[in-house]
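> Throw the hints in and build the complete structure from the sequences for me.
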Amino acid sequence: MSKSPSALGMRGRIAVRALRVVNATSRGLGRGSGTVAGGRVAMKIDEDLFRKLFVGRTVILVSGTNGKTTTTALVRAAIGGDPASNLTGSNMAAGIVAALSTSTSSTCVIEVDEPWLPTVMNAARDAARRAVVLLNLSRDQLDRASEVRQLAQRWRDHFSSLENSAEWDVIANVNDPLVAYAVQPAAKVTACALPTPWHGDAISCPHCTKPIHFDEGLFGSWWCDCGFRAPHPDVFFDDGVRMDGVTYPLSLQLPGSFNAANAAAAVAAAQRIGVPPVDSIPRVNAVEDVAGRFGERMWKEQKFRLLLAKNPAGLAALISTVSEGSSPVVVSINANVADGRDPSWLYDAPFERLRGRTVWCDGTRALDLMTRLFYAGVDVRLTDDDPLFPRGLPSGEIMDVIGNYTAFAQWVKKSKAC
Amino acid sequence: MGEKEQGVLKIAVIYPELLGTYGDGGNGLVLVERARLRGYEAELTSVAIDEPLPDAQIYLLGGGEDGPQRRATEALHTDRSIAHRLNDGALLFAVCAGLQIVGISFAVEGGSRHSGLGLVPLETVRGEKRRVGEILVDVDGRDLVGFENHAGHTYPHDAEPLGLVKRGYGNDGVVDGVYQGGVIGTYAHGPVLAMNPWLADELLGHAIGHLLEEIDTPADRLYEARRKAVRHSPRTP
Chain A
556 MSKSPSALGM RGRIAVRALR VVNATSRGLG RGSGTVAGGR VAMKIDEDLF
606 RKLFVGRTVI LVSGTNGKTT TTALVRAAIG GDPASNLTGS NMAAGIVAAL
656 STSTSSTCVI EVDEPWLPTV MNAARDAARR AVVLLNLSRD QLDRASEVRQ
706 LAQRWRDHFS SLENSAEWDV IANVNDPLVA YAVQPAAKVT ACALPTPWHG
756 DAISCPHCTK PIHFDEGLFG SWWCDCGFRA PHPDVFFDDG VRMDGVTYPL
806 SLQLPGSFNA ANAAAAVAAA QRIGVPPVDS IPRVNAVEDV AGRFGERMWK
856 EQKFRLLLAK NPAGLAALIS TVSEGSSPVV VSINANVADG RDPSWLYDAP
906 FERLRGRTVW CDGTRALDLM TRLFYAGVDV RLTDDDPLFP RGLPSGEIMD
956 VIGNYTAFAQ WVKKSKAC
Chain B
808 MGEKEQGVLK IAVIYPELLG TYGDGGNGLV LVERARLRGY EAELTSVAID
858 EPLPDAQIYL LGGGEDGPQR RATEALHTDR SIAHRLNDGA LLFAVCAGLQ
908 IVGISFAVEG GSRHSGLGLV PLETVRGEKR RVGEILVDVD GRDLVGFENH
958 AGHTYPHDAE PLGLVKRGYG NDGVVDGVYQ GGVIGTYAHG PVLAMNPWLA
1008 DELLGHAIGH LLEEIDTPAD RLYEARRKAV RHSPRTP
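Protein chains in written order, with my numbering: chain A, 556 to 973; chain B, 808 to 1044.
Note that these hints are calculated values from the structure, not bench results.
Everything numeric in this text was worked out from a predicted model, so none of it was measured.
Certain hints may be false.
Unchecked claim - Example chain B residues on the side facing chain A (calculated, C-beta under 7 Å, incomplete): (1) 833; (2) 875; (3) 1032.
Claimed, not checked - A few chain A residues that don't get close to chain B, going by computed Cβ distances all over 12 Å: (4) 740; (5) 941; (6) 967.
Stated by the list, open to error - Among the chain A residues that face chain B by a calculated CB cut under 7 Å, a handful are: (7) 764; (8) 766; (9) 899; (10) 900; (11) 902; (12) 923; (13) 925.
Positions of the beta carbon are idealized from the N, C-alpha and C atoms, including for glycine.
Right, here's the structure in full:
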């Protein structure tokens, strides 16, 4: 741990040692990726450890309902080197503590679960440089998470109460009215107008609840009759990242306009901490695979591309991406605790766009999905009804698999990279 | 052939931008598609917050967060037409926040009380805790399955409920919803008609004027699977 032992102190050093032992044991026992248990133990030993681990470092936090993990990977690529990151996706305090204490890098790129953002920003108050990327807010796992407007309010209250607000560079996707609302009190906002197809949770104004009007034109502007409107963007996406009067073209390996939005946010964040787009963009372009997502994989002699969507906004983005093809698609839906136990949200996703395609329904809630797709007029099959699946599918084609959280993880586990 | 059969069956989803947090729009889709599968002409309309309610045989109210729930109630007060439409024979199917709105009063945000539409004699206060989980309701001997997620406690007990709670909480842990004067309501939120095809058909039959022939859809398999699963869930969440 070269990261300033003086900042950690005796108690902090004991805590970090305990964390390593616990995590190594947990990995040895095959209990997950071994990041959370150790973090919990360490924070019990030293309650101030979370703050100490950020002291003197350059910190970029990434939060929002969709695209956190991918954008964290893209920010890492953009700034180069090997920053401390919670790449396993453990994005609450314990997982973040584990990531910070197992890397010696002076830079950290950290994915943060949305409700945890105020806590993590407070912990990072003694970092040398601070930036936070806020992507979007939409409905997600409503059985256990806060309702989305409450979350926007919590972020906003946090920015209102923040001391030294100007020390935080806030890179915010203001095409999402809820994000724009949350960052209004922040002192130093880089307003980004990024592709944001989902407005389902921001149709009524967070200030006055009247309807928000959306102009689906180039810059995705929106306004409410009460005067709340999209701020003028500093960065926008239009065949490339446009900032400070210059357009930088992107040629991403990752699919979809949602990934272009994530990449633009990453490039803007890197620029704010001193890495210019000419350096960051080639590295962002080269990213091919993020934790099993987007890359080609093989299972039972069939090639697949695995895609993760946990909520209607994520599904809407992926449906646009896959609807350009003609081959069958697999959609796999579970309703475990980590997925949210209530798959009602399937009715908020625009499955109608898959009409004319065959969709294989998979996962523990395949019947909920099959019913949804039946009413959408889509040709449906159940993987459980066909013991030969995926044999008999058009060979040589890559089949897209969209899974929600634990369903996606099962597909990663049973397939191999190729 | 009833008069209603001649024309188009109209289904209107009320203020989906405010009341549609949990996929509640699915109920409109299910009704329209199940009517069409039987050869009826059916039309689904979404009513925006500043529009007057259109003519329809079935109106749908969904769930929503506290602010939007209050706003939707105010807009329906201003519109003033829903009670007349129910008197004229229309149906109102209301889930979750929608169920609270049709009552006399409801409490949101730390307990402040608001007037509901007063269509049914129900009052809702903040319950001790949020009720999140599977719900199973016995509706005249038939199972209604779904998922509830609300902080309401709705009374009185002896208003005409939709059914008896077998799993979950519903209005008060004993009964769920309401079935009175053209209003059918339940705490089983979201696309509850997708999961319970029999209830969708019952509403359609009521609107069309006679019982409908049975049809075979994937929803029947879903219904049986959920009944089986929910019987193993906790009695109260």
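> Evaluate each hint against the coordinates.
Hints and how they fare:
The beta carbon of residue 833(B) comes within 3 Å of a beta carbon in chain A, closer than 7 Å, and the hint placing it at the interface holds. Proximity of residue 875(B) to chain A holds as hinted, the smallest CB-CB distance being about 6 Å (cut-off 7 Å). Evaluation of the residue 1032(B) hint against chain A yields a held restraint, the C-beta minimum of about 5 Å falling below 7 Å. For residue 740(A), the shortest C-beta to C-beta distance to chain B comes to about 19 Å, beyond the 12 Å cut-off, and the non-interface label holds.
Taking the minimum C-beta to C-beta distance to chain B, about 15 Å, the non-interface status of residue 941(A) holds against the 12 Å cut. Here residue 967(A) stays apart from chain B, with its beta-carbon at least about 26 Å from theirs, past the 12 Å limit. At its closest, the beta carbon of residue 764(A) sits 4 Å from a beta carbon of chain B; the interface hint therefore holds under the 7 Å criterion. The closest approach between the C-beta of residue 766(A) and any C-beta of chain B is roughly 6 Å, which is under the 7 Å cut-off, so the hint is satisfied.
For residue 899(A), the shortest C-beta to C-beta distance to chain B is roughly 3 Å, which falls under 7 Å, so the interface hint holds. At about 5 Å, the closest approach between the beta carbon of residue 900(A) and any beta carbon in chain B falls short of 7 Å, and the interface hint on this residue holds. The beta carbon of residue 902(A) comes within 3 Å of a beta carbon in chain B, closer than 7 Å, and the hint placing it at the interface holds. Annotation: residue 923(A) was flagged as interfacial toward chain B, and the flag holds, the nearest CB pair being 6 Å apart, inside 7 Å.
Interface hint at residue 925(A): satisfied, since its Cβ lies 5 Å from the closest Cβ of chain B, which is below the 7 Å cut-off.
Hint violations for this structure: none, all hints satisfied.
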